[in-house]
Every structure is written in C-alpha cells, then in structure tokens.
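Start from the sequences, fold in the hints, and give me the full structure.
The primary structure of each chain is shown beneath.
There are 2 protein chains.
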Amino acid sequence: MARGRTIDEIQIGDSASFAKTMTETDTYLFAGITGDLNPAHINQADSENNMFGGRIVHGMLCAGLLSAVLGMQLPGPGTIYVGQELAFKAAVKFGDTITATVTATEKVKGRFVKLETVCTNQDGTVVIDGTATVMPPKANE
Amino acid sequence: MARGRTIDEIQIGDSASFAKTMTETDTYLFAGITGDLNPAHINQADSENNMFGGRIVHGMLCAGLLSAVLGMQLPGPGTIYVGQELAFKAAVKFGDTITATVTATEKVKGRFVKLETVCTNQDGTVVIDGTATVMPPKANE
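Residue numbers (this note's numbering), protein chains in the order written: chain A, 1 to 141; chain B, 1001 to 1141.
Hints listed in this document are in silico derivations from the structure and should not be mistaken for laboratory results. In this text, all values refer to a predicted model and were calculated from it rather than measured experimentally. Honestly, I wouldn't trust all of these hints.
Said to hold, decoys possible - A short, non-exhaustive set of chain A residues, derived as facing chain B with CB atoms under 8 Å:
1. F30
2. D36
3. M60
4. L65
5. Y81
6. V82
7. Q84
As the list claims (entries may be wrong) - In the EDC-like style, the derived pairs of lysine to aspartate or glutamate whose C-alpha atoms are separated by at most 16 Å in a straight line are:
8. B/K1114 x A/E85
9. A/K93 x A/E48
10. A/K114 x B/E1085
11. B/K1138 x B/E1009
12. A/K93 x A/E24
13. A/K114 x A/E85
14. A/K89 x B/E1085
15. A/K107 x A/E24
16. B/K1089 x A/D129
17. A/K107 x A/D8
18. B/K1114 x B/E1009
We put the CB at the ideal spot given by N, CA and C, even for glycine.
Put into structure tokens, the structure is as follows:
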C-alpha cells in the first residue's frame, strides 16, 4: 500500500477534500456503534419539537469525514492522528451533502503538520470547523 | 422524552461514563459510513507492518463514545454540542474495552459548560483526552 506524503512532500496551502451525502442509515449505524442514542438523532417525534425541527446527524460522525481525508489523502496512509479541535457550527440534516476539506497551515518541530479542517454543506454553510494535528508518514515507511 | 440537566442542575465535578468493547464490526461500519478506509483500519496485511502491529479502531469512532455520554447522560438530551478538543494518545485495538468519562469543570457565561473528556482502555491507559464545550438544555425544553 502506497504511503501518504511525508512532511517534506507537504507544502503549506496544500488541500484535499471528500464529499458524502449523510443519511439516516449512516446516523443509525453510528448510533449503534457508539451507543449515542440521543433522541436528537433517533427520535423523530421528540426531535420535531427541538430547535432543529427533526433528527440530525451526529457531529462526531461528520467529523469522521475529516479523519477520512487526513488518513487517505493528505497526508494519507501512514499518518498518525495526534489531535483534533472541532467547533460544531450548524446542524446536519439527513440528506445533506457534506464536504470535508483539510488545508495544511503549519509545520511544527519538523515532525507535525497542522491543518485547517472544515466541513460545509451543499449550501456552503460551515457545519464544522477546527484544526487537526498529525504526524505524516516517514519516507522509509 | 425527559430532558437532560440544565446548567443550574450541573455541579462542577459531576461525572458520567459509558464503556463499550470496540470491535472489528464497529470499525468496518465506521469505515463505511465515513469513507475512512485508511489501511490502518481495514488492511491487516499492510497494518501488521506499521507501528501498531495490526488494524486499529478509528480515533474519531472512539470519540463518539464521548458524544454518547454528553448527549445521553451529562448534560443529557437537549444538549447542544458546541465544541470538542481531542488528543489521541494511544491506539485502540479490536476487542479493547473503552470507558468514556466526562466531568464538568467550568461554567462559562451562564450558558456553556466545559467538561473534561477522557477515554481509557481496559488497562487504564488513556487513549483520548480533551475538553468538550456544550450548551445544556433549558428548563422549559
């Protein structure tokens, strides 16, 4: 399996993205595998009365799209995920198409790369923003 | 559906936790719903040669256990998830039992609660630590 990019192969400003339509199915599977059966995600009758007017996708599930871009594209395979800061800015409804984009912003101590991490919906609304810290693969890996 | 605790019903130091054994099945479902098919998670032949010596569970999937505690226990239903900082400290292998614990540490501006968020494995090793920021439900919700 080809490794991802080393720190020397990453330039500040490099960017990658992945888009996926988030569904009821995704949400119910995530509820099952995490135990997060919060009614906001799985109870239509109850959640119709909340501020979002119905069930919403888990924020942490959408954050998984950022993990996908980091682990598969930039830096890619061999990356060690060190940290992630997330700000949940807007709700994601079933059927929303979420684009996760990561952009390299800084190299730290010659070993770590910081990336701006943003998820937007089909209307361009930012639903998550934040910062990832990763350790890219070494050249000999 | 009963709502969770309001900010006035939460005391600094209040804590809640949830434990789950994380499996290959969980990991493959998460890979499918996020698109994170990083070989570290889904390729045994390749990942046997990496530093973890085999496939590991996605960090963001384990972070979902923290979302579960926040959304279902403390504060509980009606909580708005505002932000999460995560530091991934150790790998999670298939079969590891992860305990996610959240502890209220601070009230901010009378509207937000900060909680320390920690995931440990069956040996007591911290695999994730960080901080959550949430807006607890209002009394009339």
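We went through each hint and held it up to the structure:
1. F30: holds (6 Å)
2. D36: holds (4 Å)
3. M60: holds (5 Å)
4. L65: Status holds, d = 6 Å.
5. Y81: Holds. Min distance 5 Å.
6. V82: Result: holds, 6 Å to nearest chain B Cβ.
7. Q84: holds (5 Å)
8. B/K1114 x A/E85: Between B/K1114 and A/E85 the Cα gap is close to 14 Å, so the pair holds against 16 Å.
9. A/K93 x A/E48: holds (12 Å)
10. A/K114 x B/E1085: At roughly 14 Å apart (the allowed maximum being 16 Å), B/E1085 and A/K114 satisfy the hint.
11. B/K1138 x B/E1009: Given pair B/K1138, B/E1009 holds - Cα atoms ~10 Å apart, limit 16 Å.
12. A/K93 x A/E24: Cα-Cα ~9 Å, so holds.
13. A/K114 x A/E85: holds (11 Å)
14. A/K89 x B/E1085: holds (14 Å)
15. A/K107 x A/E24: Roughly 38 Å between the alpha carbons, so the hint for A/K107 and A/E24 is violated.
16. B/K1089 x A/D129: violated (22 Å)
17. A/K107 x A/D8: holds (10 Å)
18. B/K1114 x B/E1009: Satisfied, since the Cα-Cα distance of roughly 14 Å is no more than 16 Å.
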